[in-house]
Amino acid sequence: MTQFRPGRDVYVVGVGLHAFGRFPDQSLSDLARDAVVDALQDSGIPWTAIPVAYFGHVYYQGMSVGETTLAQLGLTGVPIINVENACSSGSTAFWQAYWGVTSGVFDVALAFGAEKVPGGPVTVTAEDSPARYIGGDHMMAGYALRMKRYMEETGATAAALAQVTVKARQNAAMNPYAHRKDTYSVEDVLNSRLIADPLTLYQCCPTSEGGAAAVLCAGDTLDAYGVDRSRAIRIAAAALTSGNYNGRGSDHSAFSPYRTEPAALQAYEMAGIGPEDVDLVQVHDAATIGELQQIEALHLFPYGEAWRATAEGRTALTGDVPVNTDGGLLAMGHPFGATGIRMVHETVTQLRGEAGPRQVENPRVGVAQCSGAGDVTTVHILTR
Amino acid sequence: MPVSVDEKCLRLTGDDGTSGTLLGMRCTECGIVVFGPATFCQSCSSPALEEIELATGGVLYSYTIVRVPPPGWPGPVPYVLGEVELPEGPHVLAEVIECTHDALQVGMPMTLALQPVSMPDVPGSERVVYKWRPAM
Ligand SMILES: [Zn+2]
Chain V
2 MTQFRPGRDV
12 YVVGVGLHAF
22 GRFPDQSLSD
32 LARDAVVDAL
42 QDSGIPWTAI
52 PVAYFGHVYY
62 QGMSVGETTL
72 AQLGLTGVPI
82 INVENACSSG
92 STAFWQAYWG
102 VTSGVFDVAL
112 AFGAEKVPGG
122 PVTVTAEDSP
132 ARYIGGDHMM
142 AGYALRMKRY
152 MEETGATAAA
162 LAQVTVKARQ
172 NAAMNPYAHR
182 KDTYSVEDVL
192 NSRLIADPLT
202 LYQCCPTSEG
212 GAAAVLCAGD
222 TLDAYGVDRS
232 RAIRIAAAAL
242 TSGNYNGRGS
252 DHSAFSPYRT
262 EPAALQAYEM
272 AGIGPEDVDL
282 VQVHDAATIG
292 ELQQIEALHL
302 FPYGEAWRAT
312 AEGRTALTGD
322 VPVNTDGGLL
332 AMGHPFGATG
342 IRMVHETVTQ
352 LRGEAGPRQV
362 ENPRVGVAQC
372 SGAGDVTTVH
382 ILTR
Chain B
193 MPVSVDEKCL
203 RLTGDDGTSG
213 TLLGMRCTEC
223 GIVVFGPATF
233 CQSCSSPALE
243 EIELATGGVL
253 YSYTIVRVPP
263 PGWPGPVPYV
273 LGEVELPEGP
283 HVLAEVIECT
293 HDALQVGMPM
303 TLALQPVSMP
313 DVPGSERVVY
323 KWRPAM
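These protein sequence lines are chains V and B, in that order. For the first sequence, our numbering gives the first residue as 2, with consecutive numbering after it. For the second sequence, our numbering gives the first residue as 193, with consecutive numbering after it.
If we strip away everything but chain V, and leave its shape as in the complex, we get (with noise of 0.2 angstroms):
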């Protein structure tokens, strides 16, 4: 089932955020810009050495944001391409520039998103589309619909899966960059007002602004543009797919996170390791039944046991499978171009061994997971 070729190791040897949160007083660009300078700066490769970029991000805000970002840096007319993927358009630009350097087209590229997400309900349908007459496009309805069926299932409590928040939000109050900071107890969570039952409002990632970028280099040029060995992250997989046909049609909400099982199956694949050998992991929780269908269908958990691991805790900083060790989506929010890219910032930080008070001891290999709506799902494993 291999389709992929990939050619030269590739590296991230930089990465930047720009803090995610709400700021009207600055624009798309102003968010992307600062990220790009940020990773530039931590990679020691000049802008002017950057041959090709890719940038992730959702609403439209004119046309070639991604050219008129990198214009404030210097017209250097290197290709720039502008990546729409739903709310894996962040972490599909990375896959794109993954997949450029590694066949030997680039050397080096940027990968970079950022997205001013406006508040209220996030549709992924046309305005004039017959959904709106329906009233089944509401991501966290999704969401909700499968919470309720996994905890039929499952025996999962409500508490169990208020606990993902809550871990989300102690790992989030160690990171300078997150949206959401205060911490809540199992009670708070569930007491926040109801969105979709049984879904409450602290369950529900909140909309946010930020930017995210990226820069990679092929590990046989790292030496010719004066990359830090001890501080670049190789880049064991990279998977990209759409929806795969899974019995029952399109429409259902409540499978659609076993859709991220192909692409994990591709990434462990491709990475040549297994499940077992995953340190640290950053998944897709846009809401709370988000991260425990996706560290299953990661398969670091069987089916419909994840909730009782996070109950034991197994999903904390210090457990055997950190989740979400910046806060997730949950607490940093989901500006969609920028989340792929900010789980990989968060991945390298910790391989790196630089993040903080929130470093988890001596990770060696991480997974990031992102979700969309087409049910793209994006997994790409990192090693030390």
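Because the hints were derived from the structure by calculation, they are not lab data. A portion of the hints provided could be inaccurate.
Among the chain B residues that face chain V by a calculated CB cut under 10 angstroms, a handful are [said to hold, decoys possible]:
hint	residue
1	Cys236
2	Ile257
3	Gly264
4	Trp265
5	Pro270
6	Glu287
7	Gly299
8	Val309
Quick reminder that beta carbons are idealized off the backbone N, C-alpha and C, glycines included.
Knowing the structure of chain V, use the given hints to seat chain B with the ligand on it.
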């Protein structure tokens, strides 16, 4: 004449907007059924599809009570959104009507119900929409 919310998913069979049938496509090669239109089979990519009328009921696979509606929602708040599994396989999301919140249960039998819906202050926007209600 009443107008279906989506003629490729719901065919009205009377002229009063109260009767109709959900439409699907069945692959004559591999047998799988999808809800709504398709050009090629989702499973085997065969072009040999035939339109079929789907069952008028199924079982409630999951549900939620939506307290914060999506933008432009023309109905009551809160409303119940149900995911119903049809005997042919597809799941169909729609509002659940005529059911108290306490009576909702995963696995309960549901039946198709049609209702006219208009967008507030939009002349000519009335459409007949498919919904679910508990089967008697
Ligand atoms: Zn077929």
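Each hint tested on the structure:
At its closest, the beta carbon of B:Cys236 sits 8 angstroms from a beta carbon of chain V; the interface hint therefore holds under the 10 angstroms criterion. Hint on B:Ile257 holds. Least Cβ distance to chain V is approximately 4 angstroms, under the 10 angstroms limit. Satisfaction of the interface hint for B:Gly264 is found here, the shortest Cβ-Cβ separation to chain V being roughly 5 angstroms, below the 10 angstroms cut-off. For the restraint placing B:Trp265 at the interface with chain V, the shortest Cβ-Cβ distance is roughly 6 angstroms, inside the 10 angstroms limit, so the hint holds.
For B:Pro270, the suggested interface contact is upheld, since its CB lies about 8 angstroms from the closest CB of chain V, less than 10 angstroms. The interface hint given for B:Glu287 holds, since its Cβ lies 5 angstroms from the closest Cβ of chain V, which is under the 10 angstroms cut-off. Taking 10 angstroms as the C-beta cut-off, the interface hint given for B:Gly299 holds, the closest approach to chain V being about 8 angstroms. Here the hint on B:Val309 is kept, as its CB sits about 5 angstroms from the closest CB of chain V, short of 10 angstroms.
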